[in-house]
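Student: One-letter residues, chain by chain:
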Amino acid sequence: MNKQSNSFMNQPDERGHFGQFGGRYVAETLMPLILDLEKEYRKAQKDPEFSAQFDDLLTNYVGRPSPLYYAQGLTEDIRKNAPADKGAQIWFKRDELNHTGAHKINNCIGQILLAMRMGKTRIIAETGAGQHGVATATVCARFGLPCYIYMGSKDIERQAPNMFRMKLLGAEVIPVESGTGTLKDAMNEALRDWVANVDDTFYIIGTAAGPHPYPELVRDFQSVIGREARAQMLERKGRLPDLLVAAIGGGSNAIGLFHPFLDDKEVDMLGIEAAGHGIDKEHAASLAGGKPGILHGNKTYLLQDEDGQIDEAHSISAGLDYPGIGPEHSWLKESGRVRYDSVTDVEALDAFQLLCRTEGIIPALEPSHAIAAVAREAVKMNQDQIILANLCGRGDKDIFTVAEALGTEIG
Amino acid sequence: MTRLSNAFRADRAALITFVTAGDPSVKDTPAILDALVEGGADIIELGMPFTDPMADGPAIQAANIRSLTGGTKTADILNIAKNFRAKHPNVPLILMGYANPMTIRGADWFADACEQNGVDGVICVDIPVEEDDSLGDSLREKNIAVVRLATPTTDAERLPQILSNATGFLYYVSVAGITGLQQAAQNSIEEAVKRLKSGTDLPVAVGFGVRTPEQAADIGRVADGVVVGSAIVELVEKYGNNATPHVKDYIASLASAIAAAR
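Taken in sequence, the protein lines are chains E and V. Numbering-wise (the numbering used here), the first sequence opens with residue 17 and increments by one. Numbering-wise (the numbering used here), the second sequence opens with residue 69 and increments by one.
These are computed hints drawn from the structure, not numbers from a lab. Ideal placement from N, C-alpha and C gives every residue a C-beta, glycine not left out. It is possible that some hints are incorrect.
[Unchecked claim] One-sided and incomplete, this derived list gives chain V residues near chain E with beta-carbon spacing under 10 Å:
#1 Pro117
#2 Pro121
#3 Met122
#4 Ile133
#5 Pro169
#6 Ile172
#7 Val193
#8 Ile195
#9 Pro196
#10 Ala218
#11 Thr221
#12 Arg226
#13 Ile230
#14 Ala244
#15 Gly245
[Claimed, not checked] Pairs of lysine-lysine, BS3-like flavour, derived with a Cα cap of 30 Å:
#16 V:Lys155 - V:Lys210
#17 E:Lys59 - E:Lys136
#18 E:Lys396 - E:Lys297
#19 V:Lys316 - V:Lys306
#20 E:Lys170 - V:Lys306
#21 E:Lys297 - E:Lys349
#22 E:Lys307 - E:Lys281
#23 V:Lys95 - V:Lys150
#24 V:Lys155 - V:Lys316
#25 V:Lys141 - E:Lys297
#26 E:Lys170 - V:Lys141
#27 E:Lys102 - E:Lys349
#28 E:Lys307 - V:Lys210
#29 V:Lys141 - E:Lys307
#30 E:Lys396 - E:Lys102
Please put together the full structure from these sequences, using the hints given.
Tutor: What follows is the structure in structure tokens.
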């Protein structure tokens, strides 16, 4: 690959650093393992057989490419309340139509192929909303590998449908009681499992975070989203979008959409963190409310106190309920290439219902955060401008949470 | 650092003991540290609690939570170190913990704090040699030992890298896993220590899963130091603010077993 010095696309460096972020902050026991993983990934990148296998599975198993969809209903609805001539065209990358209902499967396909190349025979993963757990359980069933999913006990409670899906797919779901019983605790427990089972176990990390090379390889596997969207937009409209929008927990769907556009100077990008009850209250917006620190193998923005103790995150969306963010987003924020903002639980719930009513699409609570931001941005933009947002997951799993938040009963 | 090298003697292995600072409370820790010294510990590892102790088993995880729930701050830990130094001028003290609490105010700040409060060395679980510049340079500049970990996964190619800027002693984590759960077989420890010692002049200490005086003696026969952690932390958990006599007796049983081993 041609690495230009003025490019935003040539991160990380050889040590896995994105500027001051990223790196390999792991216990010594894991170091040989992640060095092996990096070696194997470099080999796979040059192996046409690996990419052929990856592409074939994405096409015939996942159902890619996902459609690029002009959301006319939503666009027109937003224009009703916009100033004259304002109200950008809203387009969605429909990654919620993937097999398993979210973008997570793209990454799992890539990682399980790497696991098998490395001769690993046991798969572990952490999950928050359960989407990554379901995607991991899915690829494990497909390739016949035993699968152990660590999931916070609080998340198990609010994501019961996904919990059952994982069981149907043959995975063992291990409840994590420690800490707050959410995604970060599940990740701690998965790391503890890994360190005790280094010989046979591969850890499929679900987001573009963790020790190098995970942030890079997860980004690369998810970049299929942005590559497809870029080509589809050029084909349909003959030009690139003016603004990209994606929700961010760890940030894998966002980096997957953004990365192939990073050197397209005319394309603005907006990453949306979860503001929970509000940025001045409990939230999960590490860039807005945190500062750089070291957790889970990488240096990145974290919610923490002055002593470096990690704060509890809060979001209505289990998939965004994490006190950190992928290191490349921390770097993109500091470099100024991507703008970051946040959306509260209440705003996301409104956007969730708005999309249901105007488009007949039930989105997951994660992309509902992006949709809320899209609505906010669209009214400031001209009607000939284009916003492209990643609809990274579908909302079937969230209907119980939404019903509870709205104070209604299902059925 | 002289304090640290003096603690390793030719006639017997050093007993290295770990407790979590602020467990069961900041107020109780100094008496527990005194009990370690009185029982016969040669080197004290004082654990800095962290909300997310990824490399620790249930016992030390729970100690971290007890300490933080009780409100332990970094300033309290440094204060405990300072008082310990005044009371025990010859016993080496090492801070052990995770990268984020150590580096959050900057590596230089932490190195200064170690120097000013009489800390002899630092073990940071999640800063491998690849990320050494985020803490190690500052510590070495202040003559604070940067203790590195070697594990069963450390091969012949990696060992020289780990040793390249290690100081104080080399800590051999004898089990691939988290703290406190299993113990490695004696012959594998013996083989590993031999391998490590052929690559370094630093003393080699062995830890993870050491509980009984017999185990401590077995390791003391082949290694320069024996590290005991979770078993002490479990006593603190069991007896709370009455733990000191139990800790002292337990440490004494380990110390005499190690002394008789060679």
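Student: A separate judgement is required for each hint: does it hold in the structure or not?
Tutor: Against the structure, the hints come out as follows:
Hint status for proline 117 of chain V: holds, given a least beta-carbon distance of 8 Å to chain E, under 10 Å. At its closest, the beta carbon of proline 121 of chain V sits 8 Å from a beta carbon of chain E; the interface hint therefore holds under the 10 Å criterion. A hinted interface residue such as methionine 122 of chain V counts as satisfied when its beta carbon comes closer than 10 Å to some beta carbon of chain E; here the least separation is about 5 Å, so the hint holds. Annotation: isoleucine 133 of chain V was flagged as interfacial toward chain E, and the flag holds, the nearest CB pair being 8 Å apart, inside 10 Å.
At its closest, the beta carbon of proline 169 of chain V sits 4 Å from a beta carbon of chain E; the interface hint therefore holds under the 10 Å criterion. The criterion of a C-beta within 10 Å of any C-beta in chain E is met by isoleucine 172 of chain V, whose closest approach is roughly 3 Å, and the hint holds. The interface hint given for valine 193 of chain V is met, as the beta carbon of that residue sits about 6 Å from the closest beta carbon of chain E, less than 10 Å. Taking 10 Å as the C-beta cut-off, the interface hint given for isoleucine 195 of chain V holds, the closest approach to chain E being about 6 Å.
The criterion of a C-beta within 10 Å of any C-beta in chain E is met by proline 196 of chain V, whose closest approach is roughly 5 Å, and the hint holds. This hint holds: alanine 218 of chain V has a C-beta 7 Å from the nearest C-beta of chain E, less than the 10 Å allowed. Given hint, threonine 221 of chain V at the interface with chain E, holds; its Cβ is 5 Å from that chain's nearest Cβ, closer than 10 Å. Hint status for arginine 226 of chain V: holds, given a least beta-carbon distance of 6 Å to chain E, under 10 Å.
Given the 10 Å rule on beta carbons, the hint for isoleucine 230 of chain V holds: about 7 Å separates it from the nearest Cβ of chain E. Nearest Cβ of chain E to the Cβ of alanine 244 of chain V: about 5 Å, under the 10 Å cut. The hint holds. Nearest Cβ of chain E to the Cβ of glycine 245 of chain V: about 4 Å, under the 10 Å cut. The hint holds. Proposed proximity of lysine 155 of chain V and lysine 210 of chain V is supported: the alpha carbons are some 22 Å apart, at most 30 Å.
A C-alpha spacing of about 16 Å is found between lysine 59 of chain E and lysine 136 of chain E, which places the hinted pair at or below 30 Å, so the restraint holds. Our distance criterion of 30 Å between C-alpha atoms is met by lysine 396 of chain E and lysine 297 of chain E, whose separation comes to about 28 Å. Our distance criterion of 30 Å between C-alpha atoms is met by lysine 316 of chain V and lysine 306 of chain V, whose separation comes to about 14 Å. Between the alpha carbons of lysine 170 of chain E and lysine 306 of chain V the distance comes to roughly 28 Å, so the proposed pair stays at or under 30 Å and holds.
For the suggested pair lysine 297 of chain E and lysine 349 of chain E, the alpha carbons sit about 22 Å apart, so the restraint of at most 30 Å is met. Simply put, lysine 307 of chain E and lysine 281 of chain E have alpha-carbon atoms about 28 Å apart, close enough for the 30 Å limit, and the pair holds. Under the criterion of a C-alpha separation no larger than 30 Å, the hint pairing lysine 95 of chain V with lysine 150 of chain V is consistent with the structure, at around 14 Å. Among the hinted pairs, lysine 155 of chain V with lysine 316 of chain V is consistent with the structure: their alpha-carbon atoms are about 17 Å apart, no more than 30 Å.
The hinted pair formed by lysine 141 of chain V and lysine 297 of chain E meets the criterion: a straight-line CA distance of about 22 Å does not exceed 30 Å. Taking the CA atoms of lysine 170 of chain E and lysine 141 of chain V, the gap is about 28 Å. The hint holds against a cut of 30 Å. Simply put, lysine 102 of chain E and lysine 349 of chain E have alpha-carbon atoms about 28 Å apart, close enough for the 30 Å limit, and the pair holds. Of the supplied pair hints, the one linking lysine 307 of chain E and lysine 210 of chain V holds, its CA atoms being roughly 27 Å apart against a limit of 30 Å.
Between lysine 141 of chain V and lysine 307 of chain E the CA atoms are separated by roughly 19 Å; this keeps the pair inside 30 Å, and the hint holds. For the hint linking lysine 396 of chain E to lysine 102 of chain E, the alpha-carbon distance of about 6 Å falls within 30 Å, and the restraint holds.
Checked against the numbered hints given earlier, this structure breaks none of them.
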